Amino acid sequence: MNAVLLDGWRDEEKAGLLPSLLGALAQAGAQTEVFTLREIAIAPCLGCFGCWIKTPGECVIDDDARRVARAVAESDVLVLFTPVTFGGYSSLLKGALDRMIPNLSPFFQRYRGETHHARRYAHPPSLAGLGSLPRADREAERIFKTLVERNALNLQSPRVAATVVSCEGRGEVRAQVGALVEAVTR
Amino acid sequence: MTQKRALLLVGSPRGIDRSTSGRLGSHLLAGLEERGFTVEKVHVHTAARSAEGIEDALAAIARADIVLFFAPLYVDSFAAPVIALLETIAGRRAGAGRVRLFALVQCGFPEGAQNETALAILERFAAEADWEWLGGLAFGGGVNQTPFPRQALDLVAEAISAGEPLPDQAFALVGRNPIPAWLYRIAGYWMWRREAKRFGASRRLRARPYAD
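Chains as they are written, first to last, in our numbering: chain E, 1 to 186; chain H, 1 to 212.
Keep in mind the hints are simulated off the structure, nothing from the lab. All of these numbers come straight from a predicted model, not from anything done at the bench. Watch out, some of these pointers could steer you wrong.
Said to hold, decoys possible - Only part of the chain E face toward chain H is listed, based on derived beta-carbon distances under 10 Å: (1) I42; (2) F86; (3) G87; (4) M100; (5) R120; (6) R142; (7) I143.
From the three backbone atoms N, C-alpha and C, an ideal C-beta is built for every residue, glycine too.
Please work from the sequences and hints to get the whole structure.
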């Protein structure tokens, strides 16, 4: 099983959950490729749709996002690791996700009662979102989980799970991370 | 009487004049200008290209009484440069305790409800930045081909100017999509084929470059 982990933390020290997350993935039998987004170059999406109508399946910008998109296309599990930012992802993580749309087809289809883009590849990855907050915040957590679920609908992921951990609940973090990984790898 | 100041923030990579967000935002801004507001526009992606651009955007926010945020849906949220600006605004407490925020979000899917998570993120931003959230309109693909969004924004301009809540009629106007979802999906097929034909790519739209 191949997993891709997108680390959307701007500050290495704050990304302290990474060893637990990698440990849980290894225990589940996943070989994980980590993209530390603060260390690679990903330009903002141009919104040009070139990845659909000029060079279908590949972004017109030649930077590290192409490498990430290829890895995601080949993965079984995609893990999003981020500080919860207004209930959503950090701008760093969002910049990488914006550049993943070449992995979808431009064509529309009805999927679970809504219109979504058709999948480009036969086996889209399951999706896990691990967000972190300085303190427990139910509303931010609700938005984060909804966002991950919405992303999974767009990806047509076979499995989806999202967890938000907080410094206040430090003792439970390992169990939360383990349950998250299990939900998308079992 | 001091003139009120309205700032339009456009979060589309296509710019202000070439994007649906920019054109609709400019329509609302013109409505407020007619009602005596001093107006200003900032294109987020342009501002985000330099530290100076960000400082100029923050200065415009510091001058504003109301921010009109118009953006397309981007992977169930907003484009990364928009999120980055929101992070900076909240971190620097720009406009805290003073600015009022109105938003419009639109997506390329026929169901306007697909914008709800993005609006929730923006409302959450307003709470964390200590801005007053006035609410937001959202609509799906096809609605921008009708007069409804502009009609709704005329009502919004009137309400903002009068200091009243957003009228229900504005939500109702953008909530009706005259194009059924099934027809929108079929039209999308032909539209993408036609667009790709311009680049000689219409037969490769389903290519899988990473499937080797």
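Comparing the hints with the structure gives:
no. : hint : verdict
1   : I42  : holds (9 Å)
2   : F86  : holds (4 Å)
3   : G87  : holds (4 Å)
4   : M100 : holds (8 Å)
5   : R120 : holds (6 Å)
6   : R142 : holds (8 Å)
7   : I143 : holds (5 Å)
In the structure shown, no violation is registered for any of the earlier numbered hints.
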